[in-house]
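Q: Below, each chain spelled out in residue letters.
Protein chains: 2
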Amino acid sequence: MTVSSLVQLRLVWCCWTLPRWQMNGHKRSLAVWTSATAKWTLKQKKLAELYRIPVSRPPILSGTSLLGKGALSTTSISPKEVMLTSERYGVQRLPFSHVSDSDLAFFEHLIPGRVITDPDELRLFNVDWLQSVRGCSTMLLRPRTAAEVSEILRYCNKRNLAVNPQGGNTGLVGGSVPVFDEIILSTALMNQVISFNSVSGILVCQAGCILENLNTYLEELDFIMPLDLGAKGSCHIGGNVATNAGGLRLLRYGSLRGTVLGLEVVLADGSILNCLASLRKDNTGYDLKQLFIGSEGTLGVITAVSILCPRKPKSVNLAFLGCQSFSQVLGTFTTCKGMLGEILSAYEFMDDKCMKLVESHLKLSKPVTGSPFYILIETSGSNSAHDEEKLNNFLEHVMASGLVTDGTVATEDKKIKILWSLRERITEALTHDGCVYKYDISLPVERLYDLVIDTRARLGKTAKNVVGYGHLGDGNLHLNITAESYSHSLLNAIEPFVYKWTAQYNGSISAEHGLGFKKKHYIQYSKPQEAVLLMQQVKAMLDPKGILNPYKTLPASS
Amino acid sequence: MTVSSLVQLRLVWCCWTLPRWQMNGHKRSLAVWTSATAKWTLKQKKLAELYRIPVSRPPILSGTSLLGKGALSTTSISPKEVMLTSERYGVQRLPFSHVSDSDLAFFEHLIPGRVITDPDELRLFNVDWLQSVRGCSTMLLRPRTAAEVSEILRYCNKRNLAVNPQGGNTGLVGGSVPVFDEIILSTALMNQVISFNSVSGILVCQAGCILENLNTYLEELDFIMPLDLGAKGSCHIGGNVATNAGGLRLLRYGSLRGTVLGLEVVLADGSILNCLASLRKDNTGYDLKQLFIGSEGTLGVITAVSILCPRKPKSVNLAFLGCQSFSQVLGTFTTCKGMLGEILSAYEFMDDKCMKLVESHLKLSKPVTGSPFYILIETSGSNSAHDEEKLNNFLEHVMASGLVTDGTVATEDKKIKILWSLRERITEALTHDGCVYKYDISLPVERLYDLVIDTRARLGKTAKNVVGYGHLGDGNLHLNITAESYSHSLLNAIEPFVYKWTAQYNGSISAEHGLGFKKKHYIQYSKPQEAVLLMQQVKAMLDPKGILNPYKTLPASS
Numbered sequence: 196m197t198v199s200s201l202v203q204l205r206l207v208w209c210c211w212t213l214p215r216w217q218m219n220g221h222k223r224s225l226a227v228w229t230s231a232t233a234k235w236t237l238k239q240k241k242l243a244e245l246y247r248i249p250v251s252r253p254p255i256l257s258g259t260s261l262l263g264k265g266a267l268s269t270t271s272i273s274p275k276e277v278m279l280t281s282e283r284y285g286v287q288r289l290p291f292s293h294v295s296d297s298d299l300a301f302f303e304h305l306i307p308g309r310v311i312t313d314p315d316e317l318r319l320f321n322v323d324w325l326q327s328v329r330g331c332s333t334m335l336l337r338p339r340t341a342a343e344v345s346e347i348l349r350y351c352n353k354r355n356l357a358v359n360p361q362g363g364n365t366g367l368v369g370g371s372v373p374v375f376d377e378i379i380l381s382t383a384l385m386n387q388v389i390s391f392n393s394v395s396g397i398l399v400c401q402a403g404c405i406l407e408n409l410n411t412y413l414e415e416l417d418f419i420m421p422l423d424l425g426a427k428g429s430c431h432i433g434g435n436v437a438t439n440a441g442g443l444r445l446l447r448y449g450s451l452r453g454t455v456l457g458l459e460v461v462l463a464d465g466s467i468l469n470c471l472a473s474l475r476k477d478n479t480g481y482d483l484k485q486l487f488i489g490s491e492g493t494l495g496v497i498t499a500v501s502i503l504c505p506r507k508p509k510s511v512n513l514a515f516l517g518c519q520s521f522s523q524v525l526g527t528f529t530t531c532k533g534m535l536g537e538i539l540s541a542y543e544f545m546d547d548k549c550m551k552l553v554e555s556h557l558k559l560s561k562p563v564t565g566s567p568f569y570i571l572i573e574t575s576g577s578n579s580a581h582d583e584e585k586l587n588n589f590l591e592h593v594m595a596s597g598l599v600t601d602g603t604v605a606t607e608d609k610k611i612k613i614l615w616s617l618r619e620r621i622t623e624a625l626t627h628d629g630c631v632y633k634y635d636i637s638l639p640v641e642r643l644y645d646l647v648i649d650t651r652a653r654l655g656k657t658a659k660n661v662v663g664y665g666h667l668g669d670g671n672l673h674l675n676i677t678a679e680s681y682s683h684s685l686l687n688a689i690e691p692f693v694y695k696w697t698a699q700y701n702g703s704i705s706a707e708h709g710l711g712f713k714k715k716h717y718i719q720y721s722k723p724q725e726a727v728l729l730m731q732q733v734k735a736m737l738d739p740k741g742i743l744n745p746y747k748t749l750p751a752s753s
Numbered sequence: 196m197t198v199s200s201l202v203q204l205r206l207v208w209c210c211w212t213l214p215r216w217q218m219n220g221h222k223r224s225l226a227v228w229t230s231a232t233a234k235w236t237l238k239q240k241k242l243a244e245l246y247r248i249p250v251s252r253p254p255i256l257s258g259t260s261l262l263g264k265g266a267l268s269t270t271s272i273s274p275k276e277v278m279l280t281s282e283r284y285g286v287q288r289l290p291f292s293h294v295s296d297s298d299l300a301f302f303e304h305l306i307p308g309r310v311i312t313d314p315d316e317l318r319l320f321n322v323d324w325l326q327s328v329r330g331c332s333t334m335l336l337r338p339r340t341a342a343e344v345s346e347i348l349r350y351c352n353k354r355n356l357a358v359n360p361q362g363g364n365t366g367l368v369g370g371s372v373p374v375f376d377e378i379i380l381s382t383a384l385m386n387q388v389i390s391f392n393s394v395s396g397i398l399v400c401q402a403g404c405i406l407e408n409l410n411t412y413l414e415e416l417d418f419i420m421p422l423d424l425g426a427k428g429s430c431h432i433g434g435n436v437a438t439n440a441g442g443l444r445l446l447r448y449g450s451l452r453g454t455v456l457g458l459e460v461v462l463a464d465g466s467i468l469n470c471l472a473s474l475r476k477d478n479t480g481y482d483l484k485q486l487f488i489g490s491e492g493t494l495g496v497i498t499a500v501s502i503l504c505p506r507k508p509k510s511v512n513l514a515f516l517g518c519q520s521f522s523q524v525l526g527t528f529t530t531c532k533g534m535l536g537e538i539l540s541a542y543e544f545m546d547d548k549c550m551k552l553v554e555s556h557l558k559l560s561k562p563v564t565g566s567p568f569y570i571l572i573e574t575s576g577s578n579s580a581h582d583e584e585k586l587n588n589f590l591e592h593v594m595a596s597g598l599v600t601d602g603t604v605a606t607e608d609k610k611i612k613i614l615w616s617l618r619e620r621i622t623e624a625l626t627h628d629g630c631v632y633k634y635d636i637s638l639p640v641e642r643l644y645d646l647v648i649d650t651r652a653r654l655g656k657t658a659k660n661v662v663g664y665g666h667l668g669d670g671n672l673h674l675n676i677t678a679e680s681y682s683h684s685l686l687n688a689i690e691p692f693v694y695k696w697t698a699q700y701n702g703s704i705s706a707e708h709g710l711g712f713k714k715k716h717y718i719q720y721s722k723p724q725e726a727v728l729l730m731q732q733v734k735a736m737l738d739p740k741g742i743l744n745p746y747k748t749l750p751a752s753s
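Line order of the protein sequences matches chains B and Z.
So for the first sequence, our numbering puts the first residue at 196; every next one is plus one.
So for the second sequence, our numbering puts the first residue at 196; every next one is plus one.
It is worth saying that the hints were derived from the structure and are not from the lab.
A hint or two may mislead.
[What the hints assert, rightly or not] In silico contact screen, one side only, chain B against chain Z (beta carbon under 10 Å); selected entries:
{"hint": "1", "residue": "Asn-392"}
{"hint": "2", "residue": "Cys-470"}
{"hint": "3", "residue": "Asn-478"}
{"hint": "4", "residue": "Leu-525"}
{"hint": "5", "residue": "Thr-600"}
{"hint": "6", "residue": "Asp-635"}
{"hint": "7", "residue": "Leu-710"}
{"hint": "8", "residue": "Val-733"}
Because the structure is a prediction, the values reported are computed rather than measured.
Backbone N, C-alpha and C define an ideal beta-carbon position, used for all residues, glycine too.
Only chain B is shown next, with the shape it has when bound in the complex:
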């Protein structure tokens, strides 16, 4: 078999209308690798237009975001028009105190100029990015230090004032905005890097640092952050840790439970828990920081993070492939785990319906057409020649075996970003399609797409679109359903059907988004009663008055 040269692999971006992989002499090459499908006209578009687009509204107050205001206009309704969470979901306010004039005076004295009470300014912080839940907080506080957070929480705990910790407000389960009038405690001004050790690769920074800014900072030092997600331009590292964010690099660098080495946390009573170790290994007592990773701000407010960062890869390649069935998507995954081994850094899949939404709503074109499923495979490594040879061998193999029917490869940074935007902007495309019902499911990979098929069949024409995509390498499906507008009856047709289906295969009803406000009542589909009871005990121990992010994560104790 003649191998397509690495030069030819690179050429796909220069000679877009030519055959992409020159598989000369291969018996299937004519059928598969013709130029007939090479219709992408990326070069005619402005690159900036195709770059990753923010998935969050502009964090106006932070002053550090790389984002513009454009993202907010993705839907036509204004935050004001979003129905109040308490009304839509019929929630009862818990007996917390109301913010008084003397409370305002206390906070103004503590952090002068950083207490926001203007209703117009507050509007954006009361509504989630999906515009699906809305609180009515009358106060937002912007501390700069853990000491200030400590004073704030000590006071709130004493006064029985509820608090909603908020990072970049990019959460998808209603966990990052108030349900009623909780005081919003923003981490936006806690945005300083504290230290970075280039021998160990350990970064220590405040919780309000924006993920993308950290990555940019590290790249200059030849390192990267161990996590990457679509919301990187807005989300805060503290929020990432508080929600145990997964994202695109988990397959390679593992979960935050392994890479987060230390945390500084302020507890509900205002005490500061300093577990901000910069050590790869530390077995002195219980690992308390784990309690706060993924607890969605209900157990404490994370104010600083110590995290292990990998070296910046010297070589990155991205393949965009088409498959004729989901079983071919799975077969390609198993093959690439074996053949790409240690350089595999992402394995994402998207169904054709996702791609159609990205094309119609965002005017992005995919480089390969005619397949019901598409895959993005990223490799990253320390030697470009080795990586490209491995990738080439793999691509030849999956093509020869019929697992993959079409594809293209990008090796240049700009082209890689364009290809990634096809995957990363699906969330945004969905919001343009109407009201979105989002499900973030872990399942055994072999069952992953069955849930999409079954949901589609169940909903029929009551849904506008039912699409599936996600981190296949982690067994993580993003199932999304769109409709023209919010409807209780459609919601009732989806839930608890999706949760029951997931529980049947011992899956998780929230792989990476958390439970927040929207999913907390469904925890029993993934956790036994004993576990929920123990979680409630932990909550009661750390926050006896329940002031931290109330109405979130756990159902009320019975």
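With chain B held as given, fit chain Z onto it using these hints.
A: Quick look at chain Z alone, frame taken from chain B:
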């Protein structure tokens, strides 16, 4: 520069008396790569003799161990002669009940034939492997299922009987044996693999499976365990998780906090907490399993584990190198992180004194001599040609730059095992040298060896040997001090000096061994008072009577 061929790299083991790396044309090659230091005569020894030797006594009762009884004879005293912990350390027994005849009858009825009360049989389970602590338990229970463990704990909790959970009893801080007469709860018969999914690589097994047996099982399926340590032939996976074991592969595959996906745990009151998910991602509520990872059996008894296993590497290489200074060891580390990148799987260092002990007590010879420091660098990857080229480039570079002055490389499995035994058997060699004072320290890597130098200077001739080795890639130093016999005055000269020294650089006084019985009073050198108080609250919540592994991990609440 002419590169030594891969064939030549392999030849080092066939032509042991020939120059090892043929660095023809290199200006330093004559001085560095002569055959003068090639004195190893491994081929004259029986391979079996050189293979890894068990670091644990024979688990006579388990029936599944690969080990013989030889290991116990590494020291000349018998378990009976080890001083009782309570006497050596002056500990007061807590007011637990004593085991009565009716208790015996209950357990005999519950698990007939699996209740051990014979003093001779019990002896080995009352003493740690180091023969440094000894309890006086009169009963050992050997349940087979979580349901049996549940019944046992429910009964013990009601009767106020203290329990010492025990795996392979390979712990080094006195955590795995009773302090007084706690009932020993052995996981040895819970040794079944429950499931393995070859697509996801997720293994689910009972807690008593021996680590090496699991690895052997997985290797046949083309996978490996994500952890590896010297005690692998005896230690149980449940014990590994309960102590958050680190070991040799942590550098590559990360800590158990990331790779353990689920646990089944029996709590002190007998309730079974089933968090045995087989999912890579699950953000439904607090991650309770993390509480039990590294809690040393004080919060619950782990009965089953779900763990993510990597593919078996297709290619493994091991380089044994000599360095003239510790700064060269560090320089070599930084260089290899950059040049070996994703294939680097271990970076271990040993000082010359360690190697001398291995040579004199175990009659092992090292392949390279004349250096004050030695390094073991392991690579593992999916393409042997690529890996060897990367390794070769790296070796050339570190030799050319003078970072490394001598070395050899093994690519065959047998030779790799022989080289590894030089590192893995240091612990064993130390026990032959006399009474060992063991310290397991995390420090910023640049400070790592200073502690050895300062301790050596402080102790002078009062110590027989002061040696340093460990997982440099993880910032983890094993500092060991030997003396002819145990002495309070020597201990007082070492402690708290070592802990204070460590705290000064924000290190950890236990990187991977845990606190167990021996280190619990020093926790404050690595954790603030607020953290210790919170740990005590967690303990009180989960085990209000304190029956689980008492006298361990945490100092008593004040």
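Q: Look at each hint and say if it fits the structure.
A: Against the structure, the hints:
| no. | hint | in the structure |
| --- | --- | --- |
| 1 | Asn-392 | 7 Å, holds |
| 2 | Cys-470 | 6 Å, holds |
| 3 | Asn-478 | 5 Å, holds |
| 4 | Leu-525 | 7 Å, holds |
| 5 | Thr-600 | 22 Å, violated |
| 6 | Asp-635 | 8 Å, holds |
| 7 | Leu-710 | 6 Å, holds |
| 8 | Val-733 | 6 Å, holds |
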